[in-house]
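Residue numbers (this note's numbering), protein chains in the order written: chain F, 1 to 946; chain A, 947 to 1123; chain V, 1124 to 1543; chain H, 1544 to 1644.
These are computed hints drawn from the structure, not numbers from a lab.
There's no promise every hint is true.
Said to hold, decoys possible - Once the Cα atoms are required to be at most 30 Å apart in a straight line, the calculated DSS-like pairs of lysine-lysine come out as: (1) A/K1024 / A/K1011; (2) A/K977 / A/K1019; (3) H/K1591 / A/K977; (4) F/K130 / V/K1374; (5) H/K1624 / F/K423; (6) V/K1283 / V/K1160; (7) F/K648 / A/K1019; (8) V/K1160 / F/K423; (9) A/K977 / A/K1011; (10) V/K1160 / H/K1591; (11) F/K353 / F/K395; (12) F/K55 / F/K215; (13) V/K1395 / H/K1591; (14) V/K1160 / V/K1395; (15) F/K155 / V/K1283; (16) F/K55 / F/K109; (17) V/K1395 / F/K109; (18) F/K914 / F/K900; (19) A/K1011 / A/K1088; (20) V/K1374 / F/K423.
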Amino acid sequence: MNAGQPFRRADGGRIDRSTLVMFTFNGRSYEGHAGDTLASALLANGIRTVTRSFKFHRPRGIFSAGFEEPNGLLGVDVGSGMIPITCATLMPLIAGLRAETQNSFPSVKFDFGRIFDYTRLLWPAGFYNKIFKWPNWRTFEWAIRRTAGLGALPKGADNSRYRHLNTHCDVLVVGAGSAGLNAALEAARRGEDVLLVEQDIEAGGSLLFDPTGIKGQAPGEFLDAALKELRAAPSVRIMLQSTVVGYYDHNVLTIHDRSAAYRGDASVETYWKVRAGRVVLATGAIEQPLMFGNNDLPGIMLAGAMLQYANRYAVLAGRRIAAVINNDLAWRTVIALQDSGVEVASIVDVRGKISADLVAAAEARGIDCHVGATPLKARGSRTVRALRVATSDGKTELVQCDGIAVSGGLNPTVHLFSQAGGKLRYDESRACFVPDHCAQALDVVGAAKGDFVMPENYRILPRTFAPVDTTTQWVDYVHDVTVSDLELSVRENFVSVEHMKRYTTTGMAVDQGKTSNLNALSVLARLTDQLPGQVGTTTFRPQFMPVTLGAVAGNRRGEFYAPARQLPAHNWHVQQGAVFDEYGGWKRPAFYGADRRASIREEVLKMRQAAGLFDGSPLGKIEVKGPDAAEFLSMMYVNTVHTLEAGKARYGLMLNENGVVMDDGVFVRLAGDHFLVNTTSGAATRIAMWLEEWRQCEFPRLQVITNEVAAQWAVATVAGPQARGILQSLPGMVDLDNESFPHMSFASGCFEDDVPFRIQRVSYSGECSFELSVPSNHGEEYFQRIMDIGEPNGLAPIGIEAILALRIEKGFLHVGVDTDGMTNALDVGFGGIVANKKTDFVGARSLQRAEDQRTDRRRLIGFEVENGTVLAGAHFVSGKRIRRSEGFVTSVFESPVLGKTIGLGLLERGFDRKGETIEVFDDDRLATARVVNPCFYDPDGERMRG
Amino acid sequence: MVEQASRDVTIELIEDRTIVMLKVALGAADKTVRRLALAGPSQAVGGDPRSLWRGPDSWFLMSSKYSGAVLIKDCERKLDGILHNAVDYSAALIGFSLSGPGAEELLASGSGVDFRFERFPPGSCCRTQLAQIGATIVAAAKDRFEVFVESGFRRYILDWMNDTSNIAVLASTAQEH
Amino acid sequence: MGHTPKLRGYSFLSLAKNALAGHRRWPVAWRSPELRKNYDVVIIGAGGHGLAIAYHLALDHGISDVAVIEKGYLGSGNSGRNTQVTRSNYFWPQSARFFDHSLKLYEGLSQALNFNVMLSQRGILTLAHSHHELEGMRRWANAIRINGIDSEVLSPMDIKRIEPLLNLDSCYPIHGGFIQWRGGISRHDAVVWAYARAASALGVDIIQQCEVKGFNISDGRVIGVETTHGQVAADRVCMAVAGHTSVLAGKAGLRVPITSQALQAMVSEPVKPCLRTTILSPSIHVYAGQSDRGEIVIGGCADIYNSYAQRGGLPAMEENIAALVELYPSLSRLRLTRQWAGIVDITPDTTPIMGKTPVRNLYISGGWGTGGYKAIPAGGDTMAYTIANDDPHPLIADFGLERFVSGAMIDEAAASGVAH
Amino acid sequence: MLRIDCPYCGTRDEAEFTFGGESHVERPGPEAGDPEWADYLFNRDNPKGVHFEHWCHAFGCGQWFNVARDTLTHEIHLVYKMDEGRPDLETREDTERRHSA
Ligand SMILES: Cc1cc2nc3c(=O)[nH]c(=O)nc-3n(C[C@H](O)[C@H](O)[C@H](O)COP(=O)(O)OP(=O)(O)OC[C@H]3O[C@@H](n4cnc5c(N)ncnc54)[C@H](O)[C@@H]3O)c2cc1C
Ligand SMILES: NC(=O)c1ccc[n+]([C@@H]2O[C@H](COP(=O)([O-])OP(=O)(O)OC[C@H]3O[C@@H](n4cnc5c(N)ncnc54)[C@H](O)[C@@H]3O)[C@@H](O)[C@H]2O)c1
Ligand SMILES: Cc1cc2nc3c(=O)[nH]c(=O)nc-3n(C[C@H](O)[C@H](O)[C@H](O)COP(=O)(O)O)c2cc1C
Ligand SMILES: [Zn+2]
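With the rest of the complex left out, here is chain F:
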């Protein structure tokens, strides 16, 4: 026996004894071996109390050897911060690992919080619903909040990496125990491609510790042979330390892969999404505890777990134990335990009749057998010392022991089956829920299906609680729920299993009730005179095991969170000193220079005085072609389309079918049957899809097709008094003078260097303005070329904020800013155009509703600030004491050209209120403004058309 590891068996186990692994627990150093879990190493070192319970701060020890662990949830640091609530039974022992108890003060040995245990009667289930009402909950909440929480967030930055991987397979086998291995072998032999996924660090499941042979083979032999064959099969992939956590629709499953985790800054966690043709669930079964007094004392452990510690990790979970069981299978486990060096003092079986063979086998090993006995209460303060038993003849007896193995029988691990939508059935002979049917393409095999034993070799007695104080019998260890809590819940009529769950919080902790749900509903059944099958279960939902949030996010973080496009001339803008912002999925220059306000002001002035160069590449561009193109667009726009001549552009408004303004922009007739639709940048994709939806779904009879072409073009918008001159200097440019190329014209051509171009004369700034498109790979080059020509004439780069300001001076609409989800075409001054349109269009009928025709609707207006400051988002108000909003300010600009602050807004009866002075409310400050025409600059459009 190892002096450093007093509970380590001298030999056996699957650990690597040649490798010592040092770790610390609550600051003290210990050693273990490669192949250990944190839990097995703690046990090997004789550490019994590993934590304090959530609510009552009772000492708790390792209870299981797998993912069902309710107690061993510790803070663990392996180089990525102290991660709370880490399952010690799954955590591989890694050199330098630091583990901590989380829920105790000042130490796990002595915890002030135990006061809650001593006053336990005051804190039954749902106590908080009955008290803390006066004066209000907040008075108490801060204190309660501090006591809640199982651990604390890790400090410092997260140095792990996370990623997603997608995969496909014919068969996904979940669980690599004997059942899963067999299923994988069968599928592989059929030539199917198989993904075999096991959450443990090695494959084998109960083969790793259960000495029972399989088909005449020793477990180890079977395992080795199976793995050998599977590894040799080209169509088989085996994943270890990978837990299937979610089973979604259409056989899509998720896997949390930790095989490259726990390695400090070289850690990678992978979140897999598997699309499986068929799924085989071979997830095994979970042993269930039994209820008796102090059944939560450290030293009490699931029988199968004790066997696993003994055989797999060569760790004795006790030197002299008692066993409390209710089924034949557990006798096998306990006898195997004895054979593995754990001295079993006595077996307490609650059943009255047991096969003589079993008793004989136990007694032959010197085990004292109490048949038909009732476990009453475990004794001990920080670890179990004895078990008080009522024997079948009515006496009580005290069994001295330093550990208790419990087995309330097995419960199939049906979580994933249920997540898949599968329905369960209560199997009386096995006293558990087994899979019944499921609509998804899956099979359940092995212990997960309930096939852990033939009923005649099992003879389980349904679980119940002991005839002792029910406040000392634990059901849910994590949430500190006792049998008495369940009794209270029934007494108060929370008798639906779902109500009981929520009232007592049974099964709602991080373990999701893997060792408590079945006991809870057995108790409920007993208390309400029902069968467990009638009580039913609560719903299993993803995640099967808690999954790191970072893994679910993958590397979709930071710049990868939401993909943003760069402009074709991005680098050029950088050189010009652009400050970028994100607009509708594009990184665009907001302004150039250091100071937002000053830059915008200056850019506006330059545009008005000389010329500006603005990057309009993100504008949507959709070609619409076909003999019915005009008819199609006429349905999509409020405006008339047919009358537009080739080579000309027209401003248009698009509505949704409810009459609400969706987008605006210019459409161009390239040729009789060929149009170019320009959309706003933010709506480019949306409008392209909108047109396609109508074309395909509503108007398939129309002979028309659409191509979204925006990505092909870089758009340089040059506007201002000098614009024409600058662009005209480009060799190969079409004639831009006002007669040959008036406002709202379009032309295309080829520059002398063979670069094709399109040019349209449209204006969002109110200046004479040209939008020049060149293939985007020439964008940067042409921006520079235009700048070279224009700079001497005062051309300056203009950011999007200046453009948005310039258009305010013109009163041009910015859809989505100056309109909201209720603004219709009439509200933005399209009444005349609507009235003139002779044919139907999308949204037309809605505009005829009385509500849409009301004149007191909020209408687009212009205003000039008379007094005070006004920001976008301020409201027009009436009323003195009780204010009423009559609309709001949508856009504001302190215009250097006009020398005043102007803006646009939506105002009730706005069209009828020109000249009126209104109050403007912002953050409790009032200002005044005068309603004016929403065109402040060059109202006759002479500059734009000139």
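Mind docking chains A, V and H with the ligands on chain F? Use the hints.
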């Protein structure tokens, strides 16, 4: 031009090619396929120009010999009487060639399409979502794929591929411990 | 709201006394009576709304011959699975008046119902991620202020002070936001149970595990319902079945502008207090707060397609988590434990549908969509009035079905636009 | 996560598609009365059971098509093209009763 190389995957820019996006009326698709010898569903075929299937009514034509104007002319000639629109799309897309044993896994990090050799053999073509953005992906050879995305995403997708393949390398090195 | 005479019994003193008696003397929280053949009013659906309507009918209008018929267990619908956000920062005055009435009732609910519903007004903080979004938020915040409700526009620094873990410079940088301090959360199950207990004490019959399968309608007037437990006659019937409104209304020959979709929520492991408020990001479509038990409760967008499956899909879950981690990078090492969903009844303008229907004496309280939890007290109050007087309560006069024909929609999505 | 069988591209993840709601909704002419128009605009079949709906393979071929999907189980019974009328699932032979156990 090699943009990036990790241990398991090399990413190269596909340069000097013309792309034309062709759309036709859905009803005329069969005729179009015949007249232009275009790729069938989910296929990429041909020498030069090659055609990549985008959908039942649309193809990319790619060439390293001909200009966009030439390809468009050709379409117009051969598709006389068929409603179609062929536009130069060369500048709209940026293409990468991904090669090496990690190429398939790199794609699998960002897309749910089954890119395994048997299911997506050379000559296959699909449009899908790669790392959230639209992409056209062609299987060129074993362990070699071509990926086309909108050119505005050049920086994004390169950074993403770089980061993702680095994580993959980290994961596989970690496993070798 | 008056105090219910029978509703005493929960206090420190009674807890201590009962502790001494081993908690053996607690009375039932609600009765489980047999379904009778005849009621003045039948309410379909024992969610928060159905139960609150029954409670107010009995308390304020003296109508206690009421049955609330529930197909599952009470609270099994959305009231028992929502993310508990309670706020009244609504844009349109009609909505603001209604929801603030509700919040005020919430503020006195624990006392009125003698049941701690754990109202925790720790604030609802809405984030703006761009200059222009901030302008939109200012518009929203001002509207709320004019509606007479508290709201405060915050700078990024203010926000950092309130929520130190927020990443101001994420891919969606935080430009500011606004907060309603009176907003917060309360315990969803407690609200349902408190109303059930109070209604039951006032004589209301709550019938669980009984499904309404159809209506008896005579002369355009409802006279009863068919249930899995047989026929029940009733003078007046109210539907309060959230995601099942279309199905049930269809049985009365009505078509309603509602789609049913799965809205998800999820929780992390419980940790010590780290988030103070509930943050909400309309443009990243996520919201998150920390419950009193310590879990981070996360919600976001609904699954995009019609569903009655009451379970959430993968894309929306991933979307929500990615958004959360982007906003709160330090949560990346925390783990997700459970994910679930409810079937929400979405209307085209995201405003509820309340009031009368074309069938006489048949009333509707539905279309609560993603935000009806916060409305439970006011929904109960105003619908009870509406049923008792056969006339819509003034606070809900604009929420009727007629608005879809007239076009007088109240589009909160235009102003808010996130599921909460 | 739904896996939808695009009639043109094959089976793909839900995320590649956009959802268009109920199929086979008739658009009334401009002469429709307010109630009829409101019915078209807002009222939709919202069955608990088979729903005839349309989806667009937005990140793929860009085509809209119809799907008959059960809203309770999410099982997809049938995928059919845009120009096909509302099918009778009982009589159609190609109805795929996928995964029905
Ligand atoms: C995940 C999620 C998060 C949410 N978050 C919030 C939030 O933070 N804040 C907020 O304000 N709102 C939120 N909501 C919305 C809110 O939960 C609901 O709007 C609200 O609970 C609706 O209450 P209800 O009583 O109308 O419906 P429900 O609580 O759903 O009750 C309806 C009841 O009717 C029953 N029923 C249905 N059909 C029949 C029948 N034929 N016969 C008998 N009984 C029937 C159902 O079983 C159900 O119990 C959220 C919703 C979800 C799903
Ligand atoms: N003594 C015990 O405690 C015990 C427990 C269960 C089974 N058994 C015995 O084992 C035999 C059945 O073998 P089996 O193969 O059905 O069960 P098994 O327990 O041997 O194997 C199940 C495997 O599935 C894995 N697993 C479970 N859920 C998973 C998930 N979501 N993701 C990844 N892996 C997951 C487990 O880690 C385990 O390795 C029977 O003979 C039975 O008696 C014994
Ligand atoms: C605000 C809130 C917090 C929750 N916290 C937990 C939790 O800590 N643990 C848990 O298991 N479930 C939690 N749930 C989820 C419930 O267990 C359950 O999934 C949800 O009420 C839906 O019910 P169903 O899953 O039975 O359909 C929470 C639910 C809500 C609404
Ligand atoms: Zn497709």
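Each hint, compared with the structure:
1. A/K1024 / A/K1011: The given pair, whose Cα atoms are some 19 Å apart, holds under the 30 Å limit.
2. A/K977 / A/K1019: It holds: about 18 Å lies between the C-alpha atoms, which stays within 30 Å.
3. H/K1591 / A/K977: 43 Å, violated
4. F/K130 / V/K1374: The hint is violated at about 41 Å.
5. H/K1624 / F/K423: With a Cα-Cα distance of about 34 Å, the restraint between H/K1624 and F/K423 is violated, given a limit of 30 Å.
6. V/K1283 / V/K1160: 59 Å, violated
7. F/K648 / A/K1019: Holds - the C-alpha atoms of A/K1019 and F/K648 are around 25 Å apart, at most 30 Å.
8. V/K1160 / F/K423: Violated, because 34 Å separates the two Cα atoms, which is more than 30 Å.
9. A/K977 / A/K1011: Cα-Cα ~25 Å, so holds.
10. V/K1160 / H/K1591: 28 Å, holds
11. F/K353 / F/K395: 18 Å, holds
12. F/K55 / F/K215: 47 Å, violated
13. V/K1395 / H/K1591: With Cα atoms ~42 Å apart, V/K1395 and H/K1591 exceed 30 Å; violated.
14. V/K1160 / V/K1395: 52 Å, violated
15. F/K155 / V/K1283: Holds. F/K155 to V/K1283 sits at ~17 Å (cutoff 30 Å).
16. F/K55 / F/K109: Answer holds: F/K55 to F/K109 is near 16 Å, not above 30 Å.
17. V/K1395 / F/K109: 21 Å, holds
18. F/K914 / F/K900: Distance of about 18 Å is within 30 Å: holds.
19. A/K1011 / A/K1088: Since the Cα atoms of A/K1011 and A/K1088 sit roughly 25 Å apart, the hinted pair holds (cutoff 30 Å).
20. V/K1374 / F/K423: Satisfied, since the Cα-Cα distance of roughly 28 Å is no more than 30 Å.
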